[in-house]
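J.: Quick mapping for you: the protein sequence lines, in order, are chains A and B.
Here the first sequence stands for residues 1 to 336, numbered as in the working numbering.
Here the second sequence stands for residues 1 to 533, numbered as in the working numbering.
Calculated from the structure, these hints are not laboratory results.
Nothing here was measured: the structure is a model prediction, and the numbers come from that model.
Each residue gets a CB set at the ideal place from its N, CA and C atoms; glycine is no exception.
Errors might be hidden in some of the hints.
[Stated by the list, open to error] With a straight-line cut-off of 30 Å between C-alpha atoms, the simulated DSBU-like cross-links for lysine-lysine are:
#1 Lys193/B to Lys163/B
#2 Lys418/B to Lys218/B
#3 Lys163/B to Lys302/B
#4 Lys147/A to Lys120/B
#5 Lys196/B to Lys392/B
#6 Lys282/B to Lys302/B
#7 Lys218/B to Lys229/A
#8 Lys271/A to Lys147/A
#9 Lys271/A to Lys139/B
#10 Lys229/A to Lys418/B
#11 Lys271/A to Lys418/B
#12 Lys271/A to Lys460/B
#13 Lys418/B to Lys460/B
#14 Lys163/B to Lys445/B
#15 Lys229/A to Lys204/A
#16 Lys399/B to Lys139/B
#17 Lys53/B to Lys418/B
#18 Lys163/B to Lys196/B
#19 Lys271/A to Lys445/B
#20 Lys500/B to Lys271/A
#21 Lys445/B to Lys297/B
#22 Lys53/B to Lys147/A
#23 Lys218/B to Lys193/B
#24 Lys53/B to Lys271/A
#25 Lys199/B to Lys218/B
#26 Lys297/B to Lys196/B
#27 Lys96/B to Lys120/B
#28 Lys271/A to Lys229/A
#29 Lys96/B to Lys147/A
#30 Lys163/B to Lys397/B
#31 Lys302/B to Lys53/B
#32 Lys218/B to Lys500/B
#33 Lys163/B to Lys96/B
#34 Lys392/B to Lys193/B
#35 Lys445/B to Lys517/B
#36 Lys147/A to Lys397/B
[Claimed, not checked] To give an idea of the chain B side of the interface with chain A (calculated C-beta under 7 Å), a few residues:
#37 Leu21
#38 Thr22
#39 Leu69
#40 Val87
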Amino acid sequence: MRARDLLCPKPGGLYCAPGDFFIDPVRPVERALITHGHSDHARPGHGSVLATRETLDIMAIRCGEDFAGSTQAARFGETIAVNGVSVTFHPAGHVLGSAQIAVEYGGIRIVASGDYKRQPDATCAAFVPIPCDVFITEATFGLPVFKHPPDTEEVARILTSARQFPERSHLIGAYALGKAQRVIRLLRDAGYHETIYIHGALAKLCEYYESRGVALGDLQPATVEAGTKADFAGAIVVGTPSAFVDRWARRFPDPIACYASGWMRIRQRAKQLGVELPLIISDHADWDELTDTITETGAREVWVTHGREEALVRWCELSGISARPLHLVGYEDEGD
Amino acid sequence: MNRFAELLDRLVMMPSRNGKLTLLTDYFRSVEDPDRGLGLAAITGDLNIAAVKPAMLRTLVMERMDPVLFGYSYDYVGDLAETVSLVWPDAPAHLKPNRHLTLGETVAALQAASRSDGPKVLARLLDNAGISARYAIIKLVTGGLRIGVSARLAKQALADFGKVDVSEIEELWHGLSPPYAELFAWLEGKADKPVKSAKALFRPVMLSNPVGDGDLEKLDPADYAAEWKWDGIRVQAVSEGGVRRLYSRTGDDISGAFPDLVDAMNFDGVLDGELLVGDPLKATGTFSELQQRLNRKAVSAKIREQYPVFVRCYDILQEGAEDRRALPFIERRGHLEAFVAALDPSRFDLSPLAPFANWAALEEMRRHPPHPVIEGVMLKRRDSPYLAGRPKGPWFKWKRDPHTVDAVLMYAQRGHGKRSSFYSDYTFGVWTGPEGAEELVPVGKAYFGFTDEELRQIDKFVRDNTIERFGPVRSVRADRSHGLVLEIAFEGLNRSTRHKSGVAMRFPRISRLRWDKPTHEADRIETLQALLD
Numbered sequence: 001m002r003a004r005d006l007l008c009p010k011p012g013g014l015y016c017a018p019g020d021f022f023i024d025p026v027r028p029v030e031r032a033l034i035t036h037g038h039s040d041h042a043r044p045g046h047g048s049v050l051a052t053r054e055t056l057d058i059m060a061i062r063c064g065e066d067f068a069g070s071t072q073a074a075r076f077g078e079t080i081a082v083n084g085v086s087v088t089f090h091p092a093g094h095v096l097g098s099a100q101i102a103v104e105y106g107g108i109r110i111v112a113s114g115d116y117k118r119q120p121d122a123t124c125a126a127f128v129p130i131p132c133d134v135f136i137t138e139a140t141f142g143l144p145v146f147k148h149p150p151d152t153e154e155v156a157r158i159l160t161s162a163r164q165f166p167e168r169s170h171l172i173g174a175y176a177l178g179k180a181q182r183v184i185r186l187l188r189d190a191g192y193h194e195t196i197y198i199h200g201a202l203a204k205l206c207e208y209y210e211s212r213g214v215a216l217g218d219l220q221p222a223t224v225e226a227g228t229k230a231d232f233a234g235a236i237v238v239g240t241p242s243a244f245v246d247r248w249a250r251r252f253p254d255p256i257a258c259y260a261s262g263w264m265r266i267r268q269r270a271k272q273l274g275v276e277l278p279l280i281i282s283d284h285a286d287w288d289e290l291t292d293t294i295t296e297t298g299a300r301e302v303w304v305t306h307g308r309e310e311a312l313v314r315w316c317e318l319s320g321i322s323a324r325p326l327h328l329v330g331y332e333d334e335g336d
Numbered sequence: 001m002n003r004f005a006e007l008l009d010r011l012v013m014m015p016s017r018n019g020k021l022t023l024l025t026d027y028f029r030s031v032e033d034p035d036r037g038l039g040l041a042a043i044t045g046d047l048n049i050a051a052v053k054p055a056m057l058r059t060l061v062m063e064r065m066d067p068v069l070f071g072y073s074y075d076y077v078g079d080l081a082e083t084v085s086l087v088w089p090d091a092p093a094h095l096k097p098n099r100h101l102t103l104g105e106t107v108a109a110l111q112a113a114s115r116s117d118g119p120k121v122l123a124r125l126l127d128n129a130g131i132s133a134r135y136a137i138i139k140l141v142t143g144g145l146r147i148g149v150s151a152r153l154a155k156q157a158l159a160d161f162g163k164v165d166v167s168e169i170e171e172l173w174h175g176l177s178p179p180y181a182e183l184f185a186w187l188e189g190k191a192d193k194p195v196k197s198a199k200a201l202f203r204p205v206m207l208s209n210p211v212g213d214g215d216l217e218k219l220d221p222a223d224y225a226a227e228w229k230w231d232g233i234r235v236q237a238v239s240e241g242g243v244r245r246l247y248s249r250t251g252d253d254i255s256g257a258f259p260d261l262v263d264a265m266n267f268d269g270v271l272d273g274e275l276l277v278g279d280p281l282k283a284t285g286t287f288s289e290l291q292q293r294l295n296r297k298a299v300s301a302k303i304r305e306q307y308p309v310f311v312r313c314y315d316i317l318q319e320g321a322e323d324r325r326a327l328p329f330i331e332r333r334g335h336l337e338a339f340v341a342a343l344d345p346s347r348f349d350l351s352p353l354a355p356f357a358n359w360a361a362l363e364e365m366r367r368h369p370p371h372p373v374i375e376g377v378m379l380k381r382r383d384s385p386y387l388a389g390r391p392k393g394p395w396f397k398w399k400r401d402p403h404t405v406d407a408v409l410m411y412a413q414r415g416h417g418k419r420s421s422f423y424s425d426y427t428f429g430v431w432t433g434p435e436g437a438e439e440l441v442p443v444g445k446a447y448f449g450f451t452d453e454e455l456r457q458i459d460k461f462v463r464d465n466t467i468e469r470f471g472p473v474r475s476v477r478a479d480r481s482h483g484l485v486l487e488i489a490f491e492g493l494n495r496s497t498r499h500k501s502g503v504a505m506r507f508p509r510i511s512r513l514r515w516d517k518p519t520h521e522a523d524r525i526e527t528l529q530a531l532l533d
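Between the sequences and the hints, there should be enough to build the whole structure, so can you do that?
T.: What follows is the structure in structure tokens.
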């Protein structure tokens with residue numbers, strides 16, 4: 001059998017015909033395997049969902065308890081048979097609960113990476129390279145210009161700026177799931193023990209991370225009731241990027257706009273968004289992580305999805321690895 | 001090198017002036033000599049490094065990576081220096097330096113490089129640097145940092161750092177050279193103020209205050225002399241012991257752009273005056289024409305002939321060995337008149353005094369000046385010495401009323417800092433095109449002139465009437481029947497080839513919100529064109 005008979009792109013997502021399931025389907029399907037809780041990968045309305053315990057919990061928090069007909073929790077490293085196809089979840093290092101999914105049938109193993117990164121992250125299990133025949137990689141930052149610096153250096157920049165501008169507040173835009181908790185945790189690990197103020201959209205997910213053993217320190221809602229404008233002088237506030245554009249941000253004194261994202265590597269991009277302190281902190285693999293990972297899996301064939309496919313396909317060709325873009329639709333290129 | 005690279009990264013993203021000053025003073029405080037002085041010189045444009053052409057940079061990087069991957073990368077980033085800094089391959093681990101080079105070592109290597117080994121030296125420096133440092137190195141060798149920091153702002157940061165007046169820095173500046181160790185030692189209180197030994201240094205200028213409400217009632221007209229306020233740029237012409245320099249108001253040496261004028265500076269002294277285009281004996285040109293001569297490093301013979309410049313003198317600071325600054329204005333004026341009489345009359349003339357009987361008469365003169373290139377009157381206290389800075393009282397400027405035009409709000413951009421959640425920068429336009437097919441053409445941008453309450457009202461209007469978004473910019477509904485009319489005040493209008501409208505406003509600001517005015521009654525481009533000389 002050929003690899004593309006085992007998994008192939010369909011309008012609804014990546015489909016496994018022998019097992020009759022989809023991976024991260026973008027529309028409601030009978031049976032879904034889900035890599036992680038970001039909303040473009042984890043949508044409500046499927047008949048049954050197989051995912052890690054954390055991903056199922058996160059989906060329940062974001063979409064409501066009844067997000068699927070039935071659910072089944074997958075443990076890392078445990079092989080589950082789905083209609084005769086062997087399926088194993090492995091850590092992807094992207095956000096809490098994120099997984100790669102290895103699909104094995106008829107002597108072929110395909111690993112669908114979902115989203116992943118290789119930098120250490122105290123808020124989730126580290127990526128494990130899985131030997132495979134075909135590796136399906138994301139390519140959000142699939143250009144040689146994307147090189148993420150160590151996250152500790154980036155967080156040090158916030159603390160330097162907070163020291164330089166003690167009268168201003170620092171507003172850090174970060175995705176509600178994963179990035180926000182990672183940034184908070186990085187601040188704690190860098191020795192910042194003051195109260196961190198958070199936007200309401202982050203509260204439940206931060207609580208959930210705490211319940212799974214990720215200590216985030218003292219978090220308080222960034223509400224005006226908590227005090228006057230001056231009380232936020234020198235404060236660090238974390239919220240979703242969209243919140244800072246909104247009228248919501250008017251409660252802070254002369255805020256410095258920070259944004260934690262891999263896109264911050266490109267100056268013009270940061271400027272366009274009105275960011276004053278770009279923080280290059282990404283939950284996706286950068287160029288070197290992508291190419292190193294492809295090499296480590298030993299895959300003879302690479303399929304490239306969401307992102308800048310053409311550069312990674314070119315790199316594979318130059319390295320003698322057969323590669324093709326998958327052209328899956330429905331995933332946010334702008335994620336992270 | 002890394003501290004300098006970090007400074008550039010931070011400065012380029014920091015929109016607020018105060019924020020930039022904080023970053024600069026912090027850099028001066030925490031970085032050692034000679035690096036801080038070299039960083040300063042790079043910012044003020046006083047660092048001499050042989051330039052590397054962008055084509056050479058491209059060649060170097062193509063030798064090191066797949067051209068197709070470079071092409072994808074450059075297409076995405078759009079800026080050559082930034083792309084190269086990001087894709088340049090890191091040195092293999094066993095060749096990595098134990099430590100990064102300092103800015104001083106980097107500059108020394110670049111300055112020592114000959115024309116032929118320049119590219120090799122550059123490549124080696126890039127091999128040994130991180131991404132930010134590579135970007136900084138490329139900026140140093142390709143010339144022009146473009147980080148939104150003027151030499152003037154850098155000098156202000158030095159003044160803040162040493163808690164001295166910026167005029168003291170300006171006065172010393174041209175006698176100093178990188179890495180400015182003696183300057184920093186003085187600013188840190190570790191050494192005496194550097195001695196001015198160089199010739200033809202800049203003297204800090206005396207500035208005026210605008211006439212405010214009720215200011216004049218308290219003053220006796222007899223104590224003041226009046227002059228016309230000419231619409232050129234303030235300059236200081238210094239010629240001492242054979243050294244000739246022309247300075248801008250902020251102490252930038254602009255001699256290079258005005259060789260014709262410098263040739264005529266065959267005197268020994270320091271004159272303060274207005275740089276204008278034309279021939280003083282015949283005609284005085286407009287600011288638009290003067291702009292043909294501004295912000296140029298060199299100037300062609302054709303431009304020099306077409307737009308000759310001269311100085312309309314209004315003060316004398318030094319005459320031969322005599323410092324005249326302590327004398328009362330009226331006595332300096334006597335010296336000035338005698339001094340200018342001996343100069344080339346096509347290059348120097350005297351700013352005439354404008355006699356007036358009382359404030360009402362002066363008001364009349366201000367409103368109806370006798371020449372189109374006059375933008376108001378200046379008042380100078382007869383007994384005032386020449387003082388650096390902007391002392392309140394001795395000198396006043398009283399400008400003619402600004403021009404106004406009714407324009408329609410077209411785009412709004414989010415502000416920064418206190419205004420980061422407000423749409424506070426406005427692009428506005430006026431009507432153009434034939435009747436029945438009118439469209440708006442942008443004529444300017446303004447971000448002040450309104451109260452906080454008005455800002456809230458405009459912000460709400462912008463959010464409620466957005467038709468498109470581009471990053472932090474919103475396009476606002478503006479047609480013949482719907483939109484917001486803004487009354488814009490401005491000081492003057494220049495021709496511009498860079499703007500679609502063909503005009504560029506000087507000092508535009510919002511003077512009134514015309515919620516009451518229908519958009520189709522806003523002004524047409526012809527109204528503005530009529531103001532062009």
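J.: Hint by hint, note whether the structure agrees.
T.: Hints, verified against the model:
no., hint, verdict
1, Lys193/B to Lys163/B, "holds (13 Å)"
2, Lys418/B to Lys218/B, "violated (38 Å)"
3, Lys163/B to Lys302/B, "violated (46 Å)"
4, Lys147/A to Lys120/B, "holds (25 Å)"
5, Lys196/B to Lys392/B, "holds (28 Å)"
6, Lys282/B to Lys302/B, "holds (20 Å)"
7, Lys218/B to Lys229/A, "violated (42 Å)"
8, Lys271/A to Lys147/A, "holds (19 Å)"
9, Lys271/A to Lys139/B, "holds (18 Å)"
10, Lys229/A to Lys418/B, "holds (12 Å)"
11, Lys271/A to Lys418/B, "holds (17 Å)"
12, Lys271/A to Lys460/B, "holds (24 Å)"
13, Lys418/B to Lys460/B, "holds (17 Å)"
14, Lys163/B to Lys445/B, "violated (35 Å)"
15, Lys229/A to Lys204/A, "holds (25 Å)"
16, Lys399/B to Lys139/B, "violated (42 Å)"
17, Lys53/B to Lys418/B, "violated (41 Å)"
18, Lys163/B to Lys196/B, "holds (20 Å)"
19, Lys271/A to Lys445/B, "holds (19 Å)"
20, Lys500/B to Lys271/A, "holds (24 Å)"
21, Lys445/B to Lys297/B, "holds (28 Å)"
22, Lys53/B to Lys147/A, "holds (26 Å)"
23, Lys218/B to Lys193/B, "violated (40 Å)"
24, Lys53/B to Lys271/A, "holds (26 Å)"
25, Lys199/B to Lys218/B, "violated (42 Å)"
26, Lys297/B to Lys196/B, "holds (27 Å)"
27, Lys96/B to Lys120/B, "holds (17 Å)"
28, Lys271/A to Lys229/A, "holds (26 Å)"
29, Lys96/B to Lys147/A, "holds (18 Å)"
30, Lys163/B to Lys397/B, "holds (29 Å)"
31, Lys302/B to Lys53/B, "holds (28 Å)"
32, Lys218/B to Lys500/B, "violated (48 Å)"
33, Lys163/B to Lys96/B, "violated (42 Å)"
34, Lys392/B to Lys193/B, "holds (27 Å)"
35, Lys445/B to Lys517/B, "holds (20 Å)"
36, Lys147/A to Lys397/B, "violated (55 Å)"
37, Leu21, "violated (11 Å)"
38, Thr22, "holds (6 Å)"
39, Leu69, "holds (5 Å)"
40, Val87, "holds (5 Å)"
In summary, the numbered hints that this structure violates are 2, 3, 7, 14, 16, 17, 23, 25, 32, 33, 36, 37.
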